[in-house]
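Asker: Read off the chains here:
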Amino acid sequence: MAEIPKPKVGFYGFTGCAGDLLTILHCEDELLDIFNAVDIRSFLMASSDVHDDEELDIAFVEGSITTDHQLESLKGIRKRSKVLVAIGSCACFGGPQAARLGCGDWEKRFKKVYGEVKHTVAEPRESHPLDEYVKVDYCIPGCPIDKHQFFFALTRLAKGMPVELTTFPVCAECKWNENECLLLKGELCLGPVTAGGCNSRCPNHNLPCVGCWGPTSEANVASEINLLKERNFSAEEIVNKLRLFGGAAMVRRFADLLGIKTEEPAGKPRQKKARKPVAAGKAKKKTASKSPKAKSGKKR
Amino acid sequence: MKALKLKKEDLYAYLESLKSYGELWGPVPRGERYVYARLTNVREVALQALRTILPPKKFFVPPRFNMFRYSEDRYTEVFDDVKPRVLFGLHPCDIHGLMILDELFLERFPDPYYRKRREATAIIGLSCIPDDKCMARSTNTHAVEGGFDLAFNELGDEYLVWVGSSLGDDLVRLNLDLFNEEIDAQDLQKYLEWRRKRDSRYKLNFDLTGMPDIMELSWDSDLWQELADKCLACGACSMVCPTCNCYNIRDVSDLSLESGVRERHWDSCMNKEYALVAGGHNFREARAERLKLYYTHKLKAFITEYGKPSCVGCGRCIDTCPVNINVAEVIRALKGQEVKV
Amino acid sequence: MSLNRIKIESLARVEGHGGITVEFKGGKLSNVTVDIHEGPRLLETIAVGRIPSEVVSLTCRICAICTISHRYAALRAMEKALEIEIPPKVHLMRELMHCGEMIESNALHVFLLALPDYLGYPSAVHMVPDHAEDVQAGLRVKKFGVKLMELTSARPIHGENPVIGGFGKYPSKAELLRFKYEAESLIPDAERGVEILRNLRQPTYMEEGMTFMCIKPEHDRYGWVGDRILVSTGEEFNAWDYRKLTNERVVPHSMAKRSRFQDKPYFVGALARFNLLGERLDGAAGEHFRRCYNLSWIRNPMYNNVAQAIETVWALEEVPRIVDKLVAYEEDPEIVAPSRDRGAGSAAVEAPRGTLYHHYEVADGKVIRADIVTPTAQFLDMMEQHIRVAAENLLKEGDTEDVELKLEMIARAYDPCISCATHLVKVRGI
Amino acid sequence: MTDNSQIAASAPSANPFMPEQMRIVRRSDLTSDVRFFQVRPVDMERALSLDYKPGQFMMVSLAGVGEAPFSISSTPSRPGMLEFCIRKVGRLTGELFKYKENSIIGVRGPYGNGFPLEKMIGKDILIVVGGLGVAPLRSLLLYILDNRDKFGKFYVLHGARTPAEMLFRKEFFEIKERDDLECFLTVDNDPTSQWPFNKGVVTDLFPKIKELDPGNTFATICGPPVMYKFVVAEFLKLGIPKHQILMTLERRMHCGIGKCGHCAIGSIYTCLDGPVFSYWDVLHMKDLI
Ligand SMILES: Cc1cc2nc3c(=O)[nH]c(=O)nc-3n(C[C@H](O)[C@H](O)[C@H](O)COP(=O)(O)OP(=O)(O)OC[C@H]3O[C@@H](n4cnc5c(N)ncnc54)[C@H](O)[C@@H]3O)c2cc1C
Ligand code: SF4
Ligand code: SF4
Ligand code: SF4
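Chains as they are written, first to last, in the numbering used here: chain Y, 1 to 300; chain F, 1001 to 1341; chain W, 2001 to 2430; chain Z, 3001 to 3289.
It is worth saying that the hints were derived from the structure and are not from the lab.
Even for Gly, the Cβ is constructed at its ideal location relative to N, Cα and C.
Any given hint could be a false lead.
Said to hold, decoys possible - Not close to chain Z: a few residues of chain Y, all C-beta gaps over 10 Å, as computed:
hint, residue
1, 38
2, 80
3, 146
4, 185
Claimed, not checked - Quick list of in silico lysine-lysine cross-link-like pairs, DSBU-like style, CA-CA up to 30 Å:
hint, chain 1, residue 1, chain 2, residue 2
5, F, 1058, F, 1308
6, Y, 6, W, 2143
7, Y, 159, W, 2264
8, Y, 6, Z, 3176
9, Y, 111, W, 2264
All chains, please: the whole structure from these sequences, using the hints.
Answerer: Rendered as C-alpha cells:
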C-alpha cells in the first residue's frame, strides 16, 4: 500500500482537570512511539513548540466549554481539523461541572463563588460539552480516558479508519474480571448504565462504579432507577449519582426519568453526535416512555 | 468406565501430585462466591464451592485473547497461554457445558484456539449437592457419564473416582498408591443413597421437553417486552453462562502502525450492536428481540437441533442478573406462572 | 528599545491555561499580571447537597496532577467532620500513595518541564537526541510514581480506591515488595536530576525575599501531612485556621482567587518545605540538601526546581520504609464507618506544589459547605511579584533578549497548577 | 507451545481462521461506490485447485483492519480466480478500496451452503436480481451459462434504479443478446433518456415470463430488502413451490464458520446453513427476515 504521510495531530484542553492529556503524558513507554507515529503539531501541556493555525488531520480535545474565548478557539480547531475527537467526560458530556445543567442556577452559583467582580480575562458561561457547539466525530469517554482505548482510537484514525469504542456497560468487563456484583450486595453501583472500557476498575477494588465514563449507548436508566429504589436508595441520591459524571448527556437523554426540566443551552442549536449508534433515538424513547409497572397490562 | 476409591484425607496429597502434569486450578473463595484460580497451595481449594462466577469456558475461550500477530500481510498464530493444566472441581453441569462447547468448537471447522487449550487440559469432576438455584436435574445435566478425565464422587469419608479417559488413567498413576481398587456392595449402596439425596435436593424442577413448542407459541407474547423494560442489556448473563460462546474480532494496531494483533473477545447477543451491519441496519434493534434470541438459543434452538437444551442448569444467570431475568424465571413466565421479574 | 507590552498568551508546560502580561509606560514598568483564563467550574457548588463519598470523588477531579493530594485532603477533612478514626495500615497506604504523586509530579516537572528551559529546548522530546539518558531517567522515575499511584488508588489519575474510612482493596505483599525494590533501584536516576540542576547556574534577575509556609509534620521527620502550619515569620497556626493564612480575594484578570498572608504574598511548595524543614531530611536526600543549600534559597524561586529534585529522592527512599511497615500487617482493615452524620472538618496536606486545604461541613449526611484552597491560588501573588522584579531588573540592565522565556521560566519554576487554582472557593449552601 | 506458528500464509492452513494470501489481479469500478475485484491465490497450485459453489462467500481479511464476508461473483466453471463485487460502506470496504492491482489481501473460505445445484440440475431457472444482489447471483448465472445443457428454460430479470447503477451493465447487454436464455433488464428511472429497455420496477417484467413449468422451476432472488416481498408474491403467483424459491440472506458475521454466533437465527447459522435459504425456511423459521 502507498506510504501515507504522518497525520498532523493537535491536542487541546479546555475546562477540566487536564487528566486526559495527562493520561497521555503518563504513557512513558509509548510516548516516543506516539511522537513517531503521528506529527504532533500542538500539545501545549508538553511542549512550547506549537503551531496553532495550520490544518490538522486529527484534533483531540479535552475539557468542556465554559468561556466565550474557549468557544471561539473550539470553532477554530473544528475549522482546521478533519476529525475532531472529544476525549474525557468533560468534553463528551460536560463533566462534573455540568452536573447541575438544566437546574437554572448557574448565575447564582457563579456569583456565590466570584461575587460581583467583572472578569477581564474571559466571559464565563455554564459548562457544556463540545458537541453542543461543533460537530464531534468521536467521543472517547472516561474520567480520565483509558490509555488503551486512546491508543486504539489513535492508531485507527492515524490510518484513516473509523473507530469502534466499547458498546458494553461496565458490567460486562466486571464479569470478565470475576467480581462479586455489588449491586446484588445492595450497593449503589452504576455499572449497568455506564459505558465500559475502564476494565471495571472500581468493582475490581470492591467499590461500586460511580459512573465516571458517562452513560453507555443503551443505558436502561429507568430499570436501574427502579432497582435502586427497591434497594431503598432515595431518588435524590440516585439522581445525584447519575448526574455527577453523566453531565449533559444524562440530563438530556434521561431528563424525564431524572425528574429534571431541561433548558436548551444559551443560543446554540444542538448538533447531533456523529457516531451515535444508529437509531439511538428510538431506543431512548422506548426505555424512557413508561415505567415497567405502568406498562404491564397495557396492550402494545 | 473404571472406578476407584480415594480416602478424603489423601485428597491434598493427590492434588499435590497432579502438579507434575501441569498447572493445577480449582475453585477458591472470592468474597461470598468462588472463582477458578491457580492452586499454588492445594489446601486453598474450596471443596464446598458450588458455582464459580465464570464457568470453565474461560480456560478454553478466554474473555480476551490474541489469535494472530500480523505485520504487513503476514499472520502468525498466537498460542501463548496454551499449557498443560489440570482443572479440578468441575461439577457435572460445567462438564456438560464443556461438552456443548465441544460440539460448537470441535465439530465443523475445528477451532484450533479452543482445541489446543482443551487438549492440554485435564478435567477432574467433583460431585455436588445442589442449592436452590441449581436446575441441572431439569436439564438432565446433574450427572456425567463422560466429558471428564477423572470424576470424584463424594462417598462418606472416601471419594469414588471414575476414570473417564486414558489420560485419567495416567493421572491416577501419578500416585497410584493412594487409590484403592476394591469396590464392594456397601459402596454401591452408599453411592445410590448419595444419588437419592442429591436428586431430592433440587428445588427447581422444570419439564423442558415441550419448551420449543412453548417458545414457538410465545413468539409474539408481551412477555418479551415486559422483560426488555427491565433488562439492563449489560450482557452479564452471557458472560457467566457456560454455553454462551459469541465473540467479536477486532484488529488492534501497535503504535508503530505496522504490526498488531487480531484479537478475539467475548460478545453477547444482549449487546445492542450484536446484529448491526454496515449501512446501519440492525437485525435486533429492540432489546426484546435480543432477549428472545438468548432464550431461543437456550430453550428452543438447541433442543430442536441436538435434542437437549443448551442450558445446563448451572444457575449462574440466576445468581448474576441484577434485575432477576434468568432462565428459571423465563421458563416460569413462559409457562404462565407467577414470576418475580 | 521600544518595549510596551510583553504578553505571553498561553504558558506552555504548565497544567491549565494561564498567561503573563507585563506593561510598560514611558520606559517604566506599569503593570504585571499573571492571567488565568481557565474557565470556571464552580465545583464547590456542585458538591453542596451531595453525600460525602461523592464529594470526595468530585473534588479530586479539580486537578489531575494533584488528584492524590486532593483526595487525601478531602478524606482527612471528611473523616474529621464525620469523626472517623482510621487504622494505622490505612495511614501507611495513604502515605504510600502520596509518595507516588510526589515522585510522579516532581519528576515530571524537574526532568520534562523545567529542564528543557535550562538546556534550551522547547520540550523534553526535543531534548532526546542530545540528552537521551536524562530524559529516560526522568521517565523511569515518573513512571514509577504513576505505577505507585495506580497500585494504591486503582488508576494513575482519579483512582477511586482510597475512600472515606479506608481502602476498597489492598495490594498484595508480593506487589508491595516489588515496588520497594524498584524504588530502591531508581534512586540513582532521581539523583541524576539533582546533579544536573546543582551544576547549572540559576538566574538571579528575579531575586526577592519571601515568606514561606508549609505543614508541620506530626512526627519529627520530614513529611507532608499534619494539622499545624509553619510560617517563616516564626508563627504557627492550626490548619483549621487556614482562612487566617490565606485570605482569598477575587481579581478581574484571573479566574483563580488570590491569597495573601498579612497582606503580603507568600510562597508554598517544595522550596518552602525545604526552607522550613530541610534539616529534617534524612538519607541520601538529606546529604543532597546539605550540599546544595545556600542563602539564595530564601530569595530565589528557581531553587524550587532543585528542592523538587531532592524531594523526589527522599520520596523514593521513603517507599521502602513504608512498605516494610505495611507488609507487617496480616489483615486488611475493614472500611471504617462514620460515627456521626454531621460536623465540620478542615485538613491540610502538602501537594507537590504546596499546601492544600480542604474544608467541609456536613449536616444530615449531606455536604452543606465546601471550601478548597489550592497552592497555586496561594502563590500566584508571589509569582506575580517575582515576575515584576525580574521585568524591572531585566529592563534596567537592557537585557531584553528572550525576555518572554525568562519570565516564563519563573512562572514554571513555581510548578503552577492552573486547573487547581480555578475551582476553589468557599460557598455556602444554596 | 507455539508450534505451527510459522505456517506459510499462502497455503491452506489447519487453522480455519488463517487467511490465504491472494493478489488483486484486476479491479474496476462498476458504479461510483461498487467495485469489481478479481483475485488469485498467490500460490498457483492453490489457484488451480480452488473450488466453490455459486452462492458461497469468502471472508476478506486485511491486516490491521479486520474481516468481512463477501459473496463470490465468479463461477467455478472458470477456475483459477475469484471475483467479488463490493460496495464501499464501512471500515473494511473503505480500506479495501485503497488497494490497487497487484496488492496482496487475505481471503479465506469458501463458506456457506451455496445453491443446491444437484437439485437444480434439469430444472427451469428464474433469476431475479436487483442492485448489489447481483453479487451472488452472477455466479449462478455464469455457472448455468457455462453448463447450459444441464438446465431447462432460463429466465433472468435484472433491475436497477438508473442505468448508471446497473451493475455489470455491459455484461448483461451481451447476455441479453444470447438466444439460450431470456434476459430482461429494467431501470426505475432513466435520467439520460437513452435506456433502450424496460422502465419500471423489476416485478413489471414478470408478464414477460411465458414458458416456465412452475412446479419444475427454481426461482432465486437477491436484492434490496424491499424487493423480496413483491418478487416472492410474483413467484407464488406463477405457482413456484415455496421450497424452490431461493434467496440469499445477510447477517453480521465475524467468523464465517459458525463460531462467533452473530449470524445465528433460531437453531441455524446463516454462515453454515445459509446464506441461501428457501422461502419455506423463511416461513417456518421465525426471525429469518
Ligand atoms: C453472506 C454475505 C455475503 C455478502 N456479500 C457481499 C457482497 O458480495 N458485496 C458487498 O458489497 N457486500 C456483501 N456483504 C455485506 C458485507 O459483508 C458488508 O458490507 C461488510 O461486512 C461491511 O464491512 P465494513 O467493515 O466495510 O463495514 P463496517 O460497518 O465498518 O463493519 C464492521 C464489521 O461489522 C461486520 N459487518 C458489518 N456489516 C456486515 C454485513 N452486512 N454482513 C456481515 N458482517 C457485517 C463485519 O465484521 C465488519 O467488518 C455480504 C454479507 C454477507 C453476510
Ligand atoms: S458490580 Fe456493578 S458493574 Fe459489576 S456486575 Fe454488578 S452492577 Fe455491574
Ligand atoms: S468502574 Fe465506573 S467509576 Fe470506576 S473507572 Fe469504571 S466507569 Fe469509572
Ligand atoms: S442459561 Fe443460566 S442456568 Fe442455564 S447454563 Fe446458562 S447461566 Fe447456567
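Asker: Work down the list of hints and note, for each, if the structure agrees.
Answerer: We went through each hint and held it up to the structure:
1. Every Cβ of chain Z is farther than 10 Å from the Cβ of residue 38 of chain Y; the closest lies at roughly 16 Å, confirming the non-interface assignment.
2. No Cβ of chain Z comes within 10 Å of the Cβ of residue 80 of chain Y; the nearest lies about 24 Å off, and the non-interface call holds.
3. With a minimum CB-CB distance of about 21 Å to chain Z, residue 146 of chain Y clears the 10 Å threshold, and the non-interface call stands.
4. Distance check for residue 185 of chain Y against chain Z: the nearest CB is about 31 Å away, which clears 10 Å, and the non-interface claim stands.
5. Restraint check for residue 1058 of chain F and residue 1308 of chain F: the C-alpha separation of about 23 Å stays at or below 30 Å, so the hint holds.
6. Only pairs whose Cα atoms come within 30 Å are accepted, and residue 6 of chain Y paired with residue 2143 of chain W is accepted, the gap being roughly 27 Å.
7. Straight-line distance between C-alpha atoms of residue 159 of chain Y and residue 2264 of chain W comes to about 55 Å, which puts the hinted pair past the 30 Å bound.
8. A distance of roughly 50 Å separates the Cα atoms of residue 6 of chain Y and residue 3176 of chain Z; the hinted pair therefore is violated under the 30 Å criterion.
9. In summary, the hint linking residue 111 of chain Y to residue 2264 of chain W is supported, as the alpha carbons are separated by about 26 Å, within the 30 Å threshold.
Going down the numbered hints, you'll see the structure goes against 7 and 8, while the others check out.
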